[in-house]
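Engineer: Each chain, written out:
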Amino acid sequence: MSPSYQDLIAAAREVIPEVEPADVAPRVAAGDGPLIIDVRETAEWDQGHLPGAVHIPRGFLESRIGGTAPDSDQEILVSCASGQRSLLSAQTLHDMGFTNVTNLAGGFARWKQNNHPVEIPRILTAGQRSRYSRHILIPEVGEEGQMKLLDSKALLIGAGGLGSPAAYYLAAAGIGTIGIVDDDEVDESNLQRQIIHTTDRVGMNKGESAKQAIAALNPEVQVNVHPFRVNRDNVLDLVSQYDVIVDGADNFPTRYLLADASLMTNTPLVHASILRFEGHASVFTPYDGPCYRCLFPEPPPPDLAPSCGEAGVLGVLCGVMGNIQATEAIKVLLGIGDTLSGRLLIYDALGMTFTELKVRRDPDCPSCGPNADLQLRDYEAWCAGVGSHDHAGASA
Amino acid sequence: MSTVKIPPVLRQAAGGERTVEAKGANVGEVLTALCEAHPAIGKQILTSDGELHKFVNVYVNDEDARLMQWTDTPVGDDDTLLILPAMAGGQ
Numbered sequence: 051m052s053p054s055y056q057d058l059i060a061a062a063r064e065v066i067p068e069v070e071p072a073d074v075a076p077r078v079a080a081g082d083g084p085l086i087i088d089v090r091e092t093a094e095w096d097q098g099h100l101p102g103a104v105h106i107p108r109g110f111l112e113s114r115i116g117g118t119a120p121d122s123d124q125e126i127l128v129s130c131a132s133g134q135r136s137l138l139s140a141q142t143l144h145d146m147g148f149t150n151v152t153n154l155a156g157g158f159a160r161w162k163q164n165n166h167p168v169e170i171p172r173i174l175t176a177g178q179r180s181r182y183s184r185h186i187l188i189p190e191v192g193e194e195g196q197m198k199l200l201d202s203k204a205l206l207i208g209a210g211g212l213g214s215p216a217a218y219y220l221a222a223a224g225i226g227t228i229g230i231v232d233d234d235e236v237d238e239s240n241l242q243r244q245i246i247h248t249t250d251r252v253g254m255n256k257g258e259s260a261k262q263a264i265a266a267l268n269p270e271v272q273v274n275v276h277p278f279r280v281n282r283d284n285v286l287d288l289v290s291q292y293d294v295i296v297d298g299a300d301n302f303p304t305r306y307l308l309a310d311a312s313l314m315t316n317t318p319l320v321h322a323s324i325l326r327f328e329g330h331a332s333v334f335t336p337y338d339g340p341c342y343r344c345l346f347p348e349p350p351p352p353d354l355a356p357s358c359g360e361a362g363v364l365g366v367l368c369g370v371m372g373n374i375q376a377t378e379a380i381k382v383l384l385g386i387g388d389t390l391s392g393r394l395l396i397y398d399a400l401g402m403t404f405t406e407l408k409v410r411r412d413p414d415c416p417s418c419g420p421n422a423d424l425q426l427r428d429y430e431a432w433c434a435g436v437g438s439h440d441h442a443g444a445s446a
Numbered sequence: 601m602s603t604v605k606i607p608p609v610l611r612q613a614a615g616g617e618r619t620v621e622a623k624g625a626n627v628g629e630v631l632t633a634l635c636e637a638h639p640a641i642g643k644q645i646l647t648s649d650g651e652l653h654k655f656v657n658v659y660v661n662d663e664d665a666r667l668m669q670w671t672d673t674p675v676g677d678d679d680t681l682l683i684l685p686a687m688a689g690g691q
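So the protein sequences, as listed, match chains L and G. Heads up: the first sequence begins at 51 in our numbering, then just goes up one per residue. Heads up: the second sequence begins at 601 in our numbering, then just goes up one per residue.
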């Protein structure tokens, strides 16, 4: 005869030790408790749970436990509403090879009755759960990560070649606030690559145009349009309102200005630059990794640094590089993975190669070195000055 | 002969090539050979005193030559030199 539910419960009790809430509560309070897996359904979890618990509905236990508990010897306490489903879940984990699994006796109900502290999760709406479901499924993101993104603010310098794809994907990802600095208007010649704009918005401010596209894609994103050029008078106030800067500028004075403002406000800077078939990308984490000036102490003279307007750029290259920036910005905001901090990624679309160079902090860096006297300067004049050198001036 | 990767802005000066071979036992010698073969590159990356401009980064494989022995950094036949000026484009 097949075993009944009661038989399964009884068999699991033989194998899985039970822990009373009162016995584990002090450890949970002290932050050195076991990994707590709550296997209830989402609607139950939303009503409250043990502090620090991780939510894996029972139906997903086998598929998701590896991402949460990679070590099979790890101490795991399973909880549910009354201690039955968690007992069977604990049996499953035991069968999967987890050696140190216990069950919370009486479940969340007894925990709550005994007045132990309860965490009530901030929850995503049903609409958000649906929209961001593919993010939520990723263990490194999950609901918590998605909420972090919803609370995040990213500042895009330029809604051009790099800013267009970056803005699109950051908006789709649910970055709560996106600031777009651009004083330029949409031109027909932009549309080969600046995909956030449309033919019928030619002539409109690029920030406004991007705002319309983002509203159509994800109306819950707050878009702040800053229809001016970033300069040393406004940069600190602007940058300090955001958690990350995505640099899609088209000139060196702005890039060096942003690099210094990133250090002064301790705001990570996600860098990319593009020309023809080639793109550079890196992440500059203030005082933790190298800064832009550690990598490029001085800008080249204008004839060695043509703009895309002068030398051209493959439209789709902008998509690759802008999306690398969006990827890095999301990782920075979530605090996950290895960013490009300390590395320069060079993408050669013509050869279809990715090359990685090591970038190290310059101990003598005039911006982030220990003896740096960092203050905002006249970057136009400085770039023109160092750019002039004694350069012979042959045209590339 | 080591391989020198030419950045987009210098390719015209290198006859349109993305990589060129150049002889030399160290970074300085390889760059001298490169500039002799392609004088237009020399005009772009060298000062009138024949020194490398500060805005030119040179990598030997994935390491910044400035953080090694700069122009004295030894270069073998299997090594790749990469000339890397900053790029500003974003729009």
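Note that these hints are calculated values from the structure, not bench results. Each hint should be verified, as a subset may be incorrect.
Below, simulated DSS-like cross-link-like pairs (lysine-lysine); rule was C-alpha separation at most 30 Å, straight line [what the hints assert, rightly or not]: (1) L:381 to L:162; (2) G:643 to L:381; (3) L:408 to G:654; (4) L:408 to L:162; (5) L:198 to L:381; (6) L:408 to L:381; (7) L:381 to G:623; (8) L:203 to L:162; (9) G:623 to G:605; (10) G:623 to G:643; (11) G:623 to L:408; (12) G:654 to G:623.
The following residues of chain G were derived to be distant from chain L, with all beta-carbon distances above 12 Å [what the hints assert, rightly or not]: (13) 607; (14) 608; (15) 620; (16) 623; (17) 625; (18) 632; (19) 644; (20) 657; (21) 663; (22) 672; (23) 677; (24) 678; (25) 685; (26) 688; (27) 689.
Note that the Cβ used here is the ideal one computed from N, Cα and C, for glycine as well.
Engineer: Determine for every hint whether it applies to the structure shown.
Structural biologist: Status of the hints after comparison with the structure:
With a CA separation close to 36 Å, the supplied pair residue 381 (chain L) and residue 162 (chain L) exceeds the 30 Å bound. Distance restraint check for residue 643 (chain G) and residue 381 (chain L): the Cα-Cα separation of roughly 42 Å exceeds the 30 Å cut-off, and the hinted pair is therefore not satisfied. Distance check on the hinted pair: residue 408 (chain L) and residue 654 (chain G) sit about 18 Å apart at the alpha-carbon level, within 30 Å; holds. Proposed proximity of residue 408 (chain L) and residue 162 (chain L) is contradicted: the alpha carbons are some 53 Å apart, above 30 Å.
The suggested pairing of residue 198 (chain L) with residue 381 (chain L) holds, with an alpha-carbon distance near 11 Å, which does not exceed 30 Å. Between residue 408 (chain L) and residue 381 (chain L) the alpha-carbon distance is near 20 Å, which keeps this suggested pair within the 30 Å criterion. This hinted pair does not check out: residue 381 (chain L) and residue 623 (chain G) have alpha carbons roughly 42 Å apart, beyond 30 Å. With a C-alpha separation of about 36 Å, the suggested pairing of residue 203 (chain L) with residue 162 (chain L) is violated against the 30 Å cut-off.
Annotation: proposed proximity of residue 623 (chain G) to residue 605 (chain G) holds, straight-line Cα distance about 14 Å (limit 30 Å). As the CA atoms of residue 623 (chain G) and residue 643 (chain G) are separated by approximately 19 Å, the hinted pair is consistent with the 30 Å bound. Distance check on the hinted pair: residue 623 (chain G) and residue 408 (chain L) sit about 24 Å apart at the alpha-carbon level, within 30 Å; holds. In summary, the hint linking residue 654 (chain G) to residue 623 (chain G) is supported, as the alpha carbons are separated by about 23 Å, within the 30 Å threshold.
Its closest Cβ contact with chain L, about 7 Å, brings residue 607 (chain G) to no more than 12 Å, contrary to its assignment away from the interface. A beta-carbon of chain L comes within 12 Å of the beta-carbon of residue 608 (chain G); the shortest separation is about 5 Å. Distance to chain L confirms residue 620 (chain G) as a non-interface residue, since its nearest Cβ pair spans about 14 Å, more than 12 Å. Against chain L, the non-interface label of residue 623 (chain G) holds: every CB pair exceeds 12 Å, the least being about 23 Å.
For residue 625 (chain G), the shortest C-beta to C-beta distance to chain L comes to about 22 Å, beyond the 12 Å cut-off, and the non-interface label holds. With a least beta-carbon separation of about 16 Å from chain L, residue 632 (chain G) lies farther than 12 Å from that chain, consistent with its non-interface assignment. Taking the minimum C-beta to C-beta distance to chain L, about 6 Å, the non-interface status of residue 644 (chain G) is violated against the 12 Å cut. With a least beta-carbon separation of about 7 Å from chain L, residue 657 (chain G) fails to lie farther than 12 Å from that chain, contradicting its non-interface assignment.
Its beta-carbon lying about 6 Å from the closest one in chain L, residue 663 (chain G) breaks the requirement of being farther than 12 Å from that chain. At the 12 Å boundary, the C-beta of residue 672 (chain G) stays outside the reach of chain L, the nearest C-beta of that chain being 19 Å off. The Cβ of residue 677 (chain G) sits about 19 Å from the closest Cβ of chain L, beyond the 12 Å cut-off, so the non-interface label holds. The claim that residue 678 (chain G) is not at the interface with chain L holds, since no C-beta of that chain comes within 12 Å of its own (minimum 16 Å).
Here residue 685 (chain G) does not stay apart from chain L, with its beta-carbon only about 4 Å from theirs, under the 12 Å limit. A cut-off of 12 Å between C-beta atoms contradicts the statement that residue 688 (chain G) is not in contact with chain L; the least separation is 5 Å. Separation of residue 689 (chain G) from chain L is inadequate, the least Cβ-Cβ distance of about 4 Å not exceeding the 12 Å criterion.
Checked against the numbered hints above, the structure violates hints 1, 2, 4, 7, 8, 13, 14, 19, 20, 21, 25, 26, 27; every other hint is satisfied.
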